[in-house]
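*Asks:* Please model the complete structure; the sequences and the hints are all you need to start from.
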Amino acid sequence: MYRLLYTISLLLCLSCTQTTDIRLTEVREKMETAPAEALELLQSIPDPADLNRKNKALFSLLYIQALDKNNFPIESDSLIHIALSYYKSRGKSRELAETYFYLGYYFVENSMTQEAIHTFLRAEKIALDLKEWNLLGLIYARLNKEYQKQQDWDNALKMNKLSIHYFGKCQNIKNMYLGYLNLAQTFICNTQLDSCQNYLQKAQEGFLKIQDTLDYVHSLILEGGIYLSHNNLSKAKTLLLKANGFYKNTPNLKQSLMLALIYSYENKLDSARLALSHLSNEYPTTEPGFYFTLANIEQQDHKPEKAFETLKKGYILQDSLYKNNIAHSVYRYAQLYNKKTAETENQKLALRNHLLLGGLLFLLISSLLLYFIYKNRLNKRSREMAESQMRVLETEKRITKLQELLHHLNQTPKNGSQKLFIQQIQMLKELAAANTRNIHNEKKRNAEIQTIREKYMLGEDWEAVKTGINGLYNGLADYFEEHYKKYLSESEIKICILTYCNFSIQEIATYLRISEKTVYNSRYKICKTLVPERTNSLEQILNKIQNDFLNSCG
Numbered sequence: 001m002y003r004l005l006y007t008i009s010l011l012l013c014l015s016c017t018q019t020t021d022i023r024l025t026e027v028r029e030k031m032e033t034a035p036a037e038a039l040e041l042l043q044s045i046p047d048p049a050d051l052n053r054k055n056k057a058l059f060s061l062l063y064i065q066a067l068d069k070n071n072f073p074i075e076s077d078s079l080i081h082i083a084l085s086y087y088k089s090r091g092k093s094r095e096l097a098e099t100y101f102y103l104g105y106y107f108v109e110n111s112m113t114q115e116a117i118h119t120f121l122r123a124e125k126i127a128l129d130l131k132e133w134n135l136l137g138l139i140y141a142r143l144n145k146e147y148q149k150q151q152d153w154d155n156a157l158k159m160n161k162l163s164i165h166y167f168g169k170c171q172n173i174k175n176m177y178l179g180y181l182n183l184a185q186t187f188i189c190n191t192q193l194d195s196c197q198n199y200l201q202k203a204q205e206g207f208l209k210i211q212d213t214l215d216y217v218h219s220l221i222l223e224g225g226i227y228l229s230h231n232n233l234s235k236a237k238t239l240l241l242k243a244n245g246f247y248k249n250t251p252n253l254k255q256s257l258m259l260a261l262i263y264s265y266e267n268k269l270d271s272a273r274l275a276l277s278h279l280s281n282e283y284p285t286t287e288p289g290f291y292f293t294l295a296n297i298e299q300q301d302h303k304p305e306k307a308f309e310t311l312k313k314g315y316i317l318q319d320s321l322y323k324n325n326i327a328h329s330v331y332r333y334a335q336l337y338n339k340k341t342a343e344t345e346n347q348k349l350a351l352r353n354h355l356l357l358g359g360l361l362f363l364l365i366s367s368l369l370l371y372f373i374y375k376n377r378l379n380k381r382s383r384e385m386a387e388s389q390m391r392v393l394e395t396e397k398r399i400t401k402l403q404e405l406l407h408h409l410n411q412t413p414k415n416g417s418q419k420l421f422i423q424q425i426q427m428l429k430e431l432a433a434a435n436t437r438n439i440h441n442e443k444k445r446n447a448e449i450q451t452i453r454e455k456y457m458l459g460e461d462w463e464a465v466k467t468g469i470n471g472l473y474n475g476l477a478d479y480f481e482e483h484y485k486k487y488l489s490e491s492e493i494k495i496c497i498l499t500y501c502n503f504s505i506q507e508i509a510t511y512l513r514i515s516e517k518t519v520y521n522s523r524y525k526i527c528k529t530l531v532p533e534r535t536n537s538l539e540q541i542l543n544k545i546q547n548d549f550l551n552s553c554g
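Numbering (our numbering), first residue to last: 1 to 554.
Don't take every hint at face value.
Pairwise CB distance ranges, derived in the manner of DEER restraints [as the list claims (entries may be wrong)]: (1) 521 - 361: 54 to 60 Å; (2) 151 - 211: 31 to 37 Å; (3) 34 - 208: 48 to 54 Å; (4) 372 - 344: 38 to 44 Å.
Derived from the structure by calculation, the hints contain no laboratory data. Note that the Cβ used here is the ideal one computed from N, Cα and C, for glycine as well.
*Replies:* Rendered as structure tokens:
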């Protein structure tokens with residue numbers, strides 16, 4: 001059972017896998033050796049639209065490659081984008097790098113130099129990662145030409161040398177020697193003639209070594225042009241005639257024009273006309289140089305009127321070609337302008353969306369911040385109210401306790417103590433009222449409390465207070481003074497007595513006209529003096545002293 005399931009799963013996987021069409025495999029094998037036959041095979045495929053996605057992308061790439069290798073122009077980028085859409089989704093691959101290369105070539109043919117350079121550099125990055133040396137050589141050779149168009153000679157030379165390096169690395173000898181020839185042309189443009197001669201010689205030796213006659217002839221024509229530009233007519237003619245020996249049927253335009261020009265300079269007009277006669281059926285309608293050279297021959301032959309008419313034809317043709325180029329350039333500029341305008345509008349729209357989103361985020365954050373500030377203030381107000389209410393409750397408890405003590409005092413009336421506690425009860429009532437009135441204004445509350453305390457405490461006679469306390473607590477004040485005067489100072493004894501009678505630290509400080517800090521320090525000193533271990537509070541120590549006092553009285 002498991003074997004059956006495994007077999008079915010394997011068959012399903014194989015059926016879903018997209019295999020390469022055998023016809024496309026054959027085209028790929030013939031592409032380098034027989035590009036014309038490869039193009040015919042591609043054109044013989046009747047149903048490329050019915051191919052699966054993988055084979056459709058490969059067909060598109062191979063068709064563009066075949067057009068390039070057969071010197072046909074790439075007039076549309078639709079096939080390139082079919083391949084690009086597929087290979088981009090598959091990650092880095094040689095096919096993706098090749099697709100970018102041919103997209104750059106399409107931009108070159110449509111005079112989009114900056115787009116071409118940018119696309120070639122994308123292809124370069126992928127090819128470097130994959131170590132595709134031959135493709136890198138092609139990319140750098142193409143970049144060399146684009147930098148030459150911009151007259152950026154430093155980058156052009158750099159790209160040319162890189163192309164030679166990578167062609168040599170992958171043993172593509174022919175392209176390496178073509179790189180030497182391109183390098184020589186770059187040095188001509190940069191007027192470095194010594195370097196040009198050096199690389200021309202390397203290229204010619206290489207072409208002879210691999211028996212590449214066509215490129216060898218091109219190198220001879222290029223060298224002849226160099227000598228012609230320096231008025232070395234004999235050397236130029238020798239090289240051009242040497243190149244002419246390799247042509248049997250089809251003449252070379254540049255070589256024939258230069259030969260005709262040399263013969264006209266030497267006043268060999270028949271030879272000059274003969275050199276041009278090979279071109280008369282093929283190039284006059286497309287090459288202004290043909291008319292300019294013919295006009296020069298007629299001028300040397302003392303036929304000025306005929307020379308003028310011929311020269312006029314050349315200029316008319318040149319103007320026509322120039323206008324066509326201008327029209328093409330204007331069309332390309334319009335396309336670029338529309339593209340840039342669309343990009344600008346998209347950027348403005350994106351910026352507006354970002355600003356709107358930023359504004360919404362700012363409002364949201366501001367709202368949250370204001371909410372938390374409000375919540376914090378509300379909580380703070382609630383805490384202050386709770387603290388004030390607690391103070392009022394504590395004051396009411398103290399009033400209740402003092403009222404009980406006053407009731408006890410009334411049972412055994414003593415003028416001093418009765419006066420003391422009546423004043424204290426009255427003071428505490430006023431303190432509670434002040435707390436309630438100024439529950440939200442701490443500064444005003446503290447000032448009013450201080451005024452009330454001073455009203456009831458200042459000017460109080462200590463002897464009268466002590467008499468009242470002795471009457472209330474059966475001589476406790478005298479007991480303190482008698483037994484502890486050798487340990488404690490007079491003010492410390494007063495602090496002990498008033499603390500026992502439930503006076504607060506603030507009230508004691510006000511009554512004795514000392515600071516609260518002094519009261520705190522005195523309490524600490526009293527505890528340390530009476531109980532060195534300092535394990536109990538002053539109130540606990542005073543309660544123990546009262547118990548000892550009551551036991552002594554009992």
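*Asks:* Confirm or reject each hint.
*Replies:* Hints, one by one, checked against the model:
1. Judged by the Cβ atoms, the range 54 to 60 Å given for residue 521 and residue 361 holds: they are separated by roughly 57 Å.
2. The hint said 31 to 37 Å for the Cβ distance between residue 151 and residue 211, and at roughly 35 Å that hint holds.
3. At about 25 Å, the beta-carbon gap between residue 34 and residue 208 misses the expected band of 48 to 54 Å.
4. For the pair residue 372 and residue 344, the supplied restraint of 38 to 44 Å holds, since their beta-carbon distance comes to about 42 Å.
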